[in-house]
Amino acid sequence: MNDSALAVELKGIWKRFPGVIANSDINLSIAPGTVHAIVGENGAGKSTLMKILYGMQKPDEGTIAINGEFKEFESPSDAIDAGIGMVHQHFMLADNFTVLENIILGSEPRKGAKLDFDTARNQINSIAAENGLAVDADALVADLGVGDRQRIEILKVLYRGARILILDEPTAVLVPHEVDELFNTLRDLKREGITIMFISHKLDEVLAIADEITVIRQGTTVGSVDTKKQNISALELAEMMVGSELPTPETRGNTIREEVVLDVTNLSVHAAGGKAIVDDISFSIRSGEILGIAGVEGNGQAEILDALMGLVENTGVVHFKGEDISNQSTRSRRELGIGFIPEDRHRQALMLEAPLWENRMLGHQTMAPNSKGFLLNISGAKEDTQRIVREYDVRTPSIDVLASALSGGNQQKLIVGREMSGSPRLLIAAHPTRGVDVGAQAAIWDHLRNAREAGLAVLLISADLDELIGLSDTIKVLLRGQFVADANPATVTPQELGTAMTGAGKVSA
Amino acid sequence: MNILKQRRMFMIAFSAITILSITRTFTDNSDLTSADTISQALGFAVPIGLAGLAGIWSERAGVVNIGLEGMMVLGTFGAGWAGWQWGAWAGVLAGVLFGALGGLLLAVAAITFGVDQIIAGTAVNLLAVGLTKFLAIVLFTNAPGGGQAQSPPIKGSIPNITVEAIANPLITLHDKGIFFISDVAGLVAGLFYQLSLLSVITFGLFAGTSYILWKTRFGLRLRSAGENPWAADSLGVNVVKYKYLAVTFSGLLAGLGGAYLSIASTIYRNGNTAGRGFIGLATMIFGNWRPGGTGAGAIMFGYIDTLRLIDTGNKNVRGLILLGALVLFVIGAYLMRTGKRSTGTAFAILGSVMIGAFLAAKNFPPEVAQVAPYITTLLVLATASQNLRPPAADGVPFRKGEGH
Amino acid sequence: MNLRRLGTSLIAPLLGVGISIAVTSVILIAIHAQPLAVFSSMIKYGASAHAMTLILNLATTYFLSALAVAIGFKMNLFNIGVNGQYTLGAMVGGAVAGSLHLPTILSVPITIAVAMIVGAGWAGIAAWLKVARGVSEVISTIMLNFIATAIISYTIVRTSVGHETSLNVRGTAMIPESGMLRGIPLLDPKTEIYGFFFISIAIGILYWFVLNRTRFGYDLRATGHSATAARTSGIDAKRMTVITMLISGALAGLVGLPYLLGDAGSYNLNFPTDWGFTGIAIALLGRNNPIGIAVGALLWAFLDVASGQLILEGVPREITTIMQGVIVIVVVMSYEIVRRNQVKSEQKNVARALEKQEVSA
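Residue numbers (my numbering), protein chains in the order written: chain A, 2 to 510; chain B, 7 to 410; chain C, 204 to 564.
Please note: incorrect hints may appear among the correct ones.
To be verified - No more than 27 Å apart at the CA atoms, straight line, and that leaves these computed lysine-lysine pairs for DSS-like: (1) A:Lys115 - B:Lys346; (2) C:Lys247 - A:Lys383; (3) A:Lys115 - C:Lys547; (4) C:Lys393 - A:Lys383; (5) A:Lys72 - A:Lys115; (6) A:Lys373 - C:Lys551; (7) B:Lys406 - C:Lys547; (8) B:Lys406 - A:Lys59; (9) A:Lys276 - A:Lys373; (10) A:Lys112 - B:Lys247; (11) C:Lys441 - A:Lys59; (12) A:Lys12 - A:Lys191; (13) B:Lys406 - A:Lys276; (14) A:Lys191 - A:Lys203; (15) A:Lys115 - B:Lys161; (16) A:Lys477 - A:Lys322.
Said to hold, decoys possible - Chain C is nowhere near these chain A residues, computed Cβ spacing over 10 Å in every case: (17) Thr64; (18) Val180; (19) Thr228; (20) Lys230; (21) Ala355; (22) Thr367; (23) Gly409.
Bear in mind the hints are in silico, worked out from the structure with no lab data behind them. Glycine included, each C-beta is placed from N, C-alpha and C at the ideal position.
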């Protein structure tokens, strides 16, 4: 081992999947004791790269060197042995286990045949104290919040003696003060000489924490920036991420009409424990208006959408086209003319193992052209699926293929096309272009703009602030279930909006 | 075990004995707490408890095991076949091996091939019944003492243990009919009276399971496969290995339960399990996927079975009804005190109806006792589902490298 | 592409039958029998008009049982309780039919309705427990099976519903000839094909139609594909659970009737009680598709009926139960492999087709 060697050095990494090249010629050098950010769009190949580095997948070509030594990882165990630890975006914790059990799993101290709980507890407490990661080792994970869970994940890898930490989108689920805490922890870790790889697409966060930034685009590394030597703005980084032709989701002209399509008063959603996740909010959307809701994930956005669709218990009054729909079922809300693009495409919007035309009917099975009375109208549905495929440019050889066979972007175009059909009056859209390639993104934006001009009211939620600012006529900032500020999309910058979302700054209305 | 838990256990035991004692006095039926009854109840509880324990092993590793019944059937056959030729202990060994093979088959289907676990378990049941029926005809029809549907008698037996120094004086004390004291005497005497060595082994398996699954590295890893196999996998735990071991061992335990049945009735007989694998599964749920509760459930089912089968003069079923009513009242009162008013009231009403039946009729058909375990299970599931904590990834197929 | 899908869906059953024949042959050789002779004697007997009639009759029962299971499977609802539902349905139906002295045109529909209502009611308990109390239907239906057994034995043995019947076994009162639904001796002049054979064909068509051509069927299949997506689409999961369980139970209520009204004339203590499990096996073989189930039911019935012939070859007839067990286990495993490969190969095909389009464009 060489002390001055790079902590991680990847050369010429290639990884192909059927029909997709996930990584092509990835090159990456990371100095020890630094925070190195890897940024790229969704689908750019970041996760594949991480899986390769953590031994979950094998590269087709290329070399991995850790601390100057070449390595071939057959499984995560090999990566762990090489001192690499991974903090997954979706926490990998057993809810019914204690914190201690979760941490020691896989490398348990023993006394004779028995687990040595005392030694484990002492070890965990000392690691936690050294790195400012306070946790109760004997608490049940099911009782803990998101911030605690992330600390457990970090403790898990430190407990295994990891000197190189991979954090995959660690801030996606955190509220702002938790992000600050995380960043403080990362700085502490860096001081202890630990190397951190920070995967993200949130550029302001990356600029705040990273010593060096590598950009990945379409599966390949397109450049690295040393933030201490070079001053780079979020915009410049964004352009590196998407290439030169950064599409802008700008909407032109005012299309807002008199008619109030959606009127929400005193809406609240409570969690199982009684805590308000959506806390007494009111708003309205007019015909031809796009209302954007900005907020860090987990501040109540998802619950607002679910409440409006009648999918969760809620209190408050919802008027749609002047009619009180507060007690209507999800189905009758859809029948009245509300389209819904949910957050989780695979779980909420598709039947993956059913053909496209059957997916066309989902959520619209009670309406023309999919059914007549209690009977299905299969030819009608098929014809209309052809129309959606044509108009929304869904790339597929046929409407008989299974939905799982399409790429994420094409699945999403099908969903957008479906939810826009039957001329809805209101579209509720969560992250409509998440995980979608740039071309499909532009197409989806076009469709939203056109529908808006035709008088559609849209409630838009997006983590992509450029998208939110570019498309919305009005933006409201949501924090801990309440609207804390309004922003004018014509003047606000993503940075200002981002600050407002953390509750730190005020934005001009 | 901490003090609070100890106190709670003590209170439960105390209430149970008091209720038993009241019922015994009221119905003037000393059989309810006699050493003989308890000893037999333990015997009936063994196969059910082993099936429940088998369920714990499999489901703690995340594999739902509907195939327990089939694995038990394989166990009864193995014991009948080997026991007939080489004696009872060989029968135990063969029963255990046959059961383990059944477990292995479920493991291959459910873990390697990712077949829905309920479907795979059902398939194991079908195959086990078919196979043993066929083999019984081929192997036993022309054997002396055997038949198309049953094996020749098993040679020898597993010894019973009676500690006379303890049992005899207690039995005398029980016969005196003193409230509470005689009942405790009967219950304790039952533990030292004609206790099968296999019952002792079963008790050891329960204790061993508690220790292995909750106190050792092996157990932690095995349970992690049932709680969050993806997390375990990401930490280098060989999830598939642990699932295989768990399900195979589950089959082994179910096989032992089957072997016990054959040895207790001295022959293998088609259909001898009579759904005990399924009842074992019920006791496992009943016991919240833990050995203590599962064992208690098995003993309760065994007790009800015993009272039904030794019923002379139609007294026991009536006693059971009073017993059930009192238990319902006590639980109902407890539920009301802890704020669950509607469920508590429902228990009290049900209890009153049973008291009414108890007072109104002198004779009850044995079918009432026959269905009691199943109705109890449904009642527990219907009222306690929210408090049960099954392993989080129970029944969820795991494939290495795929997310969830 | 649809032809290819059909082709791949045949792989599993063929593999199942093939492996099962191989396993059985090994066993036959082990017990010194001639596999070829055994199989040919089974086929020869199975092809006779008499045997074919018996096969159709038994297949009718199996078909109904499998449909009852399949409709639940379609939305990931496991009705393990068909046994309890059909035995209770047949007992109550038999008792009612035995007490009625009405013309066939009235008596048979009443019997059918009673059996279906009893089956649905018994399944309804499991549905309620699942929807209102969160109890898994797998466990509750198993428990309800045991309870049904006890109720039946109590009713027949200890109440006035039970009588000593001609076969020296207690059962419900003999159904008068006007209450029976006999059949027609179509193939064999001496044996009748049950009237229920034709009814069950109609039910099979109805099943297909409801599942594939109605909104209800779509909702049911969508719930089976993805419970979360179904909910988001506006399907009321609890309502679907209750309705589907009731339909499943109602279908199960029919299972005992072909034999009861076509042959037995009384629900007695010798009435077969495990046709429900057979139904599970056949639903798995037929992949919940009515044609597949029909083929599976015929195969199963053939093995059961032709096994009677094996005694002549000096082979125990239970060899066919092994064949059936092996078929089921191989088929469920191979379906899973086929399904996975299908998804993967379709992804590859789509990617390839799109590449071609782009090259030519």
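Checklist entry - Against which earlier hints does the structure fall short, listed by number upward? => result Of the numbered hints, 1, 2, 3, 4, 5, 6, 9, 11, 13, 15, 21, 22 do not hold.
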